[in-house]
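Undergrad: Each chain is listed here by its residues.
Protein chains: 4
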Amino acid sequence: MLSFECDYSEGAHEKILHRLFETNMEQLSGYGSDMYCESAKEKIRKACECPDADVYFLVGGTQTNATVIDSVLRKYEGVVAASTGHVSVHEAGAIEFTGHKVLEIDHDCGKISADALKGYLDSFYSDGNREHMVFPGMVYISHPTEYGTLYSKKELQEISDVCHAYKIPLYLDGARLGYGLACGHTDVTLPDVAEFCDVFYIGGTKVGALCGEAVVFTKKNTPKCFMTTVKQHGALLAKGRILGIQFDVLFTDNLYMDISRNAIVMADLLKEAFRGKGYRFYMESPTNQIFIVLDNDKMQRLQEAVSFSYWEKMDENHTVVRFATSWATKEENVRGLIELL
Amino acid sequence: MLSFECDYSEGAHEKILHRLFETNMEQLSGYGSDMYCESAKEKIRKACECPDADVYFLVGGTQTNATVIDSVLRKYEGVVAASTGHVSVHEAGAIEFTGHKVLEIDHDCGKISADALKGYLDSFYSDGNREHMVFPGMVYISHPTEYGTLYSKKELQEISDVCHAYKIPLYLDGARLGYGLACGHTDVTLPDVAEFCDVFYIGGTKVGALCGEAVVFTKKNTPKCFMTTVKQHGALLAKGRILGIQFDVLFTDNLYMDISRNAIVMADLLKEAFRGKGYRFYMESPTNQIFIVLDNDKMQRLQEAVSFSYWEKMDENHTVVRFATSWATKEENVRGLIELL
Amino acid sequence: MLSFECDYSEGAHEKILHRLFETNMEQLSGYGSDMYCESAKEKIRKACECPDADVYFLVGGTQTNATVIDSVLRKYEGVVAASTGHVSVHEAGAIEFTGHKVLEIDHDCGKISADALKGYLDSFYSDGNREHMVFPGMVYISHPTEYGTLYSKKELQEISDVCHAYKIPLYLDGARLGYGLACGHTDVTLPDVAEFCDVFYIGGTKVGALCGEAVVFTKKNTPKCFMTTVKQHGALLAKGRILGIQFDVLFTDNLYMDISRNAIVMADLLKEAFRGKGYRFYMESPTNQIFIVLDNDKMQRLQEAVSFSYWEKMDENHTVVRFATSWATKEENVRGLIELL
Amino acid sequence: MLSFECDYSEGAHEKILHRLFETNMEQLSGYGSDMYCESAKEKIRKACECPDADVYFLVGGTQTNATVIDSVLRKYEGVVAASTGHVSVHEAGAIEFTGHKVLEIDHDCGKISADALKGYLDSFYSDGNREHMVFPGMVYISHPTEYGTLYSKKELQEISDVCHAYKIPLYLDGARLGYGLACGHTDVTLPDVAEFCDVFYIGGTKVGALCGEAVVFTKKNTPKCFMTTVKQHGALLAKGRILGIQFDVLFTDNLYMDISRNAIVMADLLKEAFRGKGYRFYMESPTNQIFIVLDNDKMQRLQEAVSFSYWEKMDENHTVVRFATSWATKEENVRGLIELL
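Protein chains in written order, with this note's numbering: chain A, 1 to 341; chain B, 1 to 341; chain C, 1 to 341; chain D, 1 to 341.
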């Protein structure tokens with residue numbers, strides 16, 4: 001059975017497993033204070049061209065979002081996000097659990113615009129009742145977004161400019177950052193992300209790691225006692241080495257970018273086939289997620305030989321489904337799927 | 001200077017102050033265990049035609065919303081509300097502060113519909129990823145709404161039916177309930193509210209009291225240890241008598257309804273004048289709040305002699321403003337305002 | 001039936017009720033922005049000899065503690081308090097509800113010492129694992145304490161010095177502050193409190209008001225957007241006038257101190273009688289609370305004619321009870337009780 | 001350099017790494033729904049002799065404690081724990097962060113007694129003011145405790161009986177459970193733990209896994225929507241397989257117990273040497289942690305060749321330090337340390 005269900009269906013890149021093996025019996029200190037964490041941090045700083053960056057390793061995406069957002073926001077502040085944002089919809093209320101509102105604004109294919117953001121902030125600051133409202137204290141975007149779409153460098157810069165005009169930090173959720181960076185449809189690079197964002201994370205879980213996300217504070221703006229906040233959120237891994245070693249491997253010899261590229265190449269191959277065979281795209285998505293409208297009969301037949309994700313109901317007879325490629329997707333499996341289409 | 005700024009600009013109905021005076025030196029037990037609270041509760045049960053109701057007195061509206069919602073919701077649940085709801089916008093994130101998301105749905109002039117609610121709930125329960133989402137655990141409406149609009153009995157019943165089909169309690173914020181009940185434009189009565197809602201509150205602060213809101217659990221459904229939750233929220237008044245005495249007076253000889261009616265009569269008089277003089281209404285609002293579009297020059301001239309509320313900017317030259325009447329509005333002041341128009 | 005059950009069994013000082021009457025129909029703006037609030041704040045600043053103080057009015061004690069503590073603490077910080085402190089034991093977890101730990105230290109008759117505090121802080125800061133612990137971010141004391149005991153000026157200054165050496169703000173809960181200030185057994189004055197504490201509150205509920213506590217930030221240290229935090233806590237009263245008017249009266253012509261003195265005079269009279277008749281004191285308490293050990297038979301007989309509070313079980317045959325006087329206690333009632341003893 | 005610093009200084013048992021390798025490229029569904037998780041759960045149920053147990057895998061200890069405790073407690077409840085408990089002291093306030101108080105009671109070498117617990121509960125339920133207090137809603141113990149001490153079966157049963165008499169669930173933190181079970185100084189078995197506790201966790205992080213803790217609800221008492229609560233806490237691992245595979249290996253062929261035993265054997269060897277050489281024990285601790293009082297000179301000399309943990313300052317000239325063995329401790333290293341002593 002072929003699977004295009006998600007980008008976290010395999011374990012880890014084998015170089016990671018090898019390194020875990022090699023270092024396994026070394027006795028290292030805990031909580032991220034080991035030399036592999038230090039080495040990984042240094043490599044990430046270099047890749048970001050941000051020598052002053054503070055880097056921390058957390059375990060998963062929702063955990064990272066909740067910890068970073070909560071650590072940065074003042075208590076009376078909320079985080080502005082697209083109404084389709086992961087923090088808005090798919091994290092079981094993890095942000096609200098920390099006491100903060102997600103201030104939802106409109107989106108276009110998962111992206112917010114500098115204009116919409118500015119409109120929201122202008123309106124907030126001109127409201128005489130704003131003392132009774134939640135103050136916007138951070139802006140959250142993801143790149144790629146929930147729909148796999150990407151910001152251009154210009155768009156990212158404009159959003160960043162609006163944020164900074166209002167003295168609000170910009171946070172970028174990079175759960176699939178590698179796939180965004182490896183995609184030819186945007187000019188945004190990792191150093192751009194580091195330049196325009198105040199904090200962001202480089203996703204490991206969906207890009208070759210067993211688990212792990214690397215949080216980067218880019219402006220000497222790490223919240224005071226951040227480690228204690230990480231601990232308070234239950235997000236401090238005793239064997240921090242696991243995360244350090246993984247990111248150390250991923251950021252050695254360009255591995256992170258190389259394996260990300262595989263997902264894009266495979267997705268492009270698959271999209272071409274869908275297009276060639278007249279399938280209907282639900283939306284254009286340039287990265288590793290492909291949203292297709294299937295009629296329900298077709299969907300059921302396909303499901304017998306390949307697994308993919310239900311996305312949403314289109315109408316009585318049609319369903320939107322998602323095919324995802326990843327760092328681990330093999331060309332033979334893509335060819336196999338194309339056969340089936 | 002005339003004021004139509006809000007419905008809480010005076011103190012309390014004088015009968016309340018008299019009663020506070022008369023009972024002042026009686027030594028009563030604290031925290032709502034006194035006989036005046038008991039008497040007020042009994043009168044409210046009768047007015048609601050709900051002999052089994054549990055009644056509690058809290059101090060203010062946001063406090064009541066946060067305490068009731070938090071006490072009813074399970075930890076992984078949120079409260080469904082109109083995107084314009086008071087809990088969504090104007091309570092400084094008090095609901096999120098308790099760890100719960102406000103799940104915003106569309107509205108029509110501040111009202112939600114049974115259809116929109118059902119659509120939301122159907123969609124939620126058919127979503128295969130719902131374990132990663134906030135569960136809808138309560139539905140919040142207000143009557144009148146933020147825009148002073150009202151549900152009909154049929155609408156209220158339909159919303160109630162949807163809630164109960166999904167086993168979700170319905171909560172009605174009655175900060176201005178008196179003005180809704182006293183208005184001729186709806187057939188909803190207090191017993192209807194008690195029948196269709198699982199919990200609601202009868203607003204005192206905006207309807208003749210110094211402060212105070214009466215929470216009514218109608219279905220023997222008071223959350224366990226509710227008083228402790230009230231205390232935990234900082235909402236337990238030591239001298240509970242103050243609230244008991246006020247509601248005891250308000251629910252004696254129909255006072256609550258009688259004074260509510262004054263606001264409606266005064267508002268109707270004022271609306272007629274606005275209409276007669278060709279003013280533009282921002283929206284039809286049948287209760288004690290009147291939303292008028294003023295051109296900015298006119299607005300400034302009016303502000304010299306009368307105070308009212310800025311609502312929102314309409315366009316460069318026009319502003320939406322609100323005139324509010326209340327239990328305390330005097331006809332001579334309305335006439336005075338009409339003169340000025 | 002005589003009552004010495006608590007110091008909040010009557011309504012309010014009659015001058016307060018008179019003033020509420022006189023001002024009742026004035027149309028005032030809401031949320032504490034009225035002139036009576038302003039006047040009261042100015043009088044409090046003068047009484048504190050602290051012209052720069054920021055003053056806010058909240059409704060009740062637990063609410064005030066939770067709001068002030070939460071607004072001052074960073075998210076990874078807790079508040080240090082005596083293990084018997086009101087915030088530690090009798091507020092239904094209102095502090096923890098805001099996400100903060102109460103860091104309990106030892107006490108002597110309800111008081112903490114500068115030495116114990118310093119020991120705790122020294123130990124914390126020398127602990128290599130402190131990143132995994134809750135940081136002490138505030139020190140909470142009450143004056144009088146839960147047991148009615150009082151700090152001397154020297155003790156208060158020493159505690160303040162320790163706090164400031166560690167850059168930790170000192171917060172004083174003054175629910176019964178009047179009774180502490182009016183008592184001859186300490187040299188602490190209101191200006192001393194303002195000098196040594198970073199924030200404190202002057203209790204109204206237990207000292208002559210219907211409700212209300214005046215929070216005083218003494219060092220230009222009001223947390224940013226404090227009003228929004230107050231709102232978020234459900235602690236912002238719409239008719240702020242009620243609180244302003246009450247404190248305006250209490251701080252006119254020394255009323256607050258005068259009525260506080262009554263409680264002390266009455267308590268002293270009663271203590272003398274207890275002592276004279278050989279009753280056993282549970283502890284020496286110089287203010288308006290008297291803790292007496294009664295044998296259970298005696299207790300039951302007394303309860304037939306006078307109400308007082310159960311404090312705790314002493315042993316099988318004895319119970320600790322509390323008699324409280326207040327601003328409203330009449331000498332005839334004290335004489336009546338003395339007759340009964 | 002030898003290290004006896006902690007029991008999480010190596011990676012994972014090599015069988016675990018082998019299995020991660022073997023299964024690495026299998027495409028599995030996420031969030032713990034894969035077959036390895038299912039297999040591991042079944043093996044744990046068998047080891048616990050509790051066929052109805054619900055088993056969940058979380059990542060780390062603090063995360064597990066916060067998630068389990070928060071999911072079980074009602075909002076007005078707190079968790080009773082020894083004042084030295086991990087949740088009381090060393091989790092950065094993670095429990096309070098979820099809104100719940102840790103209700104600390106006295107301990108003896110880290111253990112609570114059924115008597116102390118009963119005294120606390122009796123006192124709480126006889127307090128007339130308990131509505132103003134935090135209700136005890138769970139009892140937390142750890143086995144081994146913070147000091148490595150162990151309950152006997154009788155002690156565990158007595159505590160369990162007290163809990164159940166008060167209808168309060170008993171939760172056991174088993175971060176080092178293997179070391180407790182493998183130790184000859186107690187008769188408590190894993191089925192005993194499952195019988196007497198309502199929920200507990202089997203620690204992986206400190207007993208041979210890279211990370212991971214297995215939560216076991218033993219009485220068909222899993223909180224509703226537990227997975228959503230896990231997600232809300234940021235504790236739901238996308239690649240749940242990592243945890244499932246590890247516990248599947250640990251519970252195959254008795255591996256968990258076998259490797260736990262190594263820590264005990266090594267610790268016993270080391271204790272004998274300490275004892276033989278006249279070192280002073282800070283306390284008797286039967287498991288894998290050894291607390292020794294060193295004079296400061298000696299400590300500094302030792303630190304040059306071996307790493308261990310600072311525990312606390314004893315007096316000016318002496319320090320309490322901790323030596324920890326683990327599943328990975330090699331006899332040659334213990335011999336090496338003994339040489340040095």
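FYI, nobody ran anything at the bench for these hints, they're computed from the structure. Do not rely on the hints blindly, as some may be mistaken.
[Stated by the list, open to error] DSS-like, lysine-lysine: derived pairs with alpha carbons at most 30 Å apart: (1) D:Lys313 x B:Lys219; (2) D:Lys224 x A:Lys313; (3) A:Lys167 x B:Lys313; (4) A:Lys15 x D:Lys330; (5) C:Lys330 x A:Lys220; (6) D:Lys118 x D:Lys220; (7) A:Lys220 x C:Lys271; (8) A:Lys167 x C:Lys271; (9) B:Lys313 x B:Lys277; (10) B:Lys224 x D:Lys167; (11) C:Lys220 x C:Lys271; (12) D:Lys15 x A:Lys15; (13) A:Lys330 x D:Lys118; (14) A:Lys224 x C:Lys330; (15) A:Lys167 x C:Lys118; (16) D:Lys313 x D:Lys298; (17) B:Lys219 x D:Lys330; (18) B:Lys219 x D:Lys224; (19) D:Lys118 x C:Lys313; (20) D:Lys298 x B:Lys220; (21) D:Lys313 x C:Lys118; (22) C:Lys271 x C:Lys224; (23) A:Lys118 x B:Lys118; (24) D:Lys219 x B:Lys220; (25) A:Lys153 x A:Lys118; (26) B:Lys224 x D:Lys330; (27) A:Lys219 x C:Lys167; (28) C:Lys313 x A:Lys220; (29) D:Lys224 x B:Lys118.
[What the hints assert, rightly or not] Just a sample of chain C residues kept apart from chain B, beta carbon distances all over 12 Å, derived: (30) Cys6; (31) Ala114; (32) Lys153; (33) Leu243.
Values in this document were obtained by computation on a predicted structure and should not be read as measured data. C-beta atoms are modelled at their ideal positions from N, C-alpha and C, and glycine is treated no differently.
Undergrad: So, for every hint listed, does it hold in this structure?
TA: Cross-check of the supplied hints:
no. : hint                : in the structure
1   : D:Lys313 x B:Lys219 : 59 Å, violated
2   : D:Lys224 x A:Lys313 : 27 Å, holds
3   : A:Lys167 x B:Lys313 : 24 Å, holds
4   : A:Lys15 x D:Lys330  : 28 Å, holds
5   : C:Lys330 x A:Lys220 : 64 Å, violated
6   : D:Lys118 x D:Lys220 : 25 Å, holds
7   : A:Lys220 x C:Lys271 : 62 Å, violated
8   : A:Lys167 x C:Lys271 : 61 Å, violated
9   : B:Lys313 x B:Lys277 : 22 Å, holds
10  : B:Lys224 x D:Lys167 : 15 Å, holds
11  : C:Lys220 x C:Lys271 : 42 Å, violated
12  : D:Lys15 x A:Lys15   : 18 Å, holds
13  : A:Lys330 x D:Lys118 : 62 Å, violated
14  : A:Lys224 x C:Lys330 : 54 Å, violated
15  : A:Lys167 x C:Lys118 : 38 Å, violated
16  : D:Lys313 x D:Lys298 : 14 Å, holds
17  : B:Lys219 x D:Lys330 : 65 Å, violated
18  : B:Lys219 x D:Lys224 : 23 Å, holds
19  : D:Lys118 x C:Lys313 : 16 Å, holds
20  : D:Lys298 x B:Lys220 : 69 Å, violated
21  : D:Lys313 x C:Lys118 : 16 Å, holds
22  : C:Lys271 x C:Lys224 : 46 Å, violated
23  : A:Lys118 x B:Lys118 : 34 Å, violated
24  : D:Lys219 x B:Lys220 : 29 Å, holds
25  : A:Lys153 x A:Lys118 : 18 Å, holds
26  : B:Lys224 x D:Lys330 : 54 Å, violated
27  : A:Lys219 x C:Lys167 : 26 Å, holds
28  : C:Lys313 x A:Lys220 : 57 Å, violated
29  : D:Lys224 x B:Lys118 : 23 Å, holds
30  : Cys6                : 6 Å, violated
31  : Ala114              : 30 Å, holds
32  : Lys153              : 29 Å, holds
33  : Leu243              : 10 Å, violated
The structure fails to meet hints 1, 5, 7, 8, 11, 13, 14, 15, 17, 20, 22, 23, 26, 28, 30, 33 from the earlier list, while all remaining hints are met.
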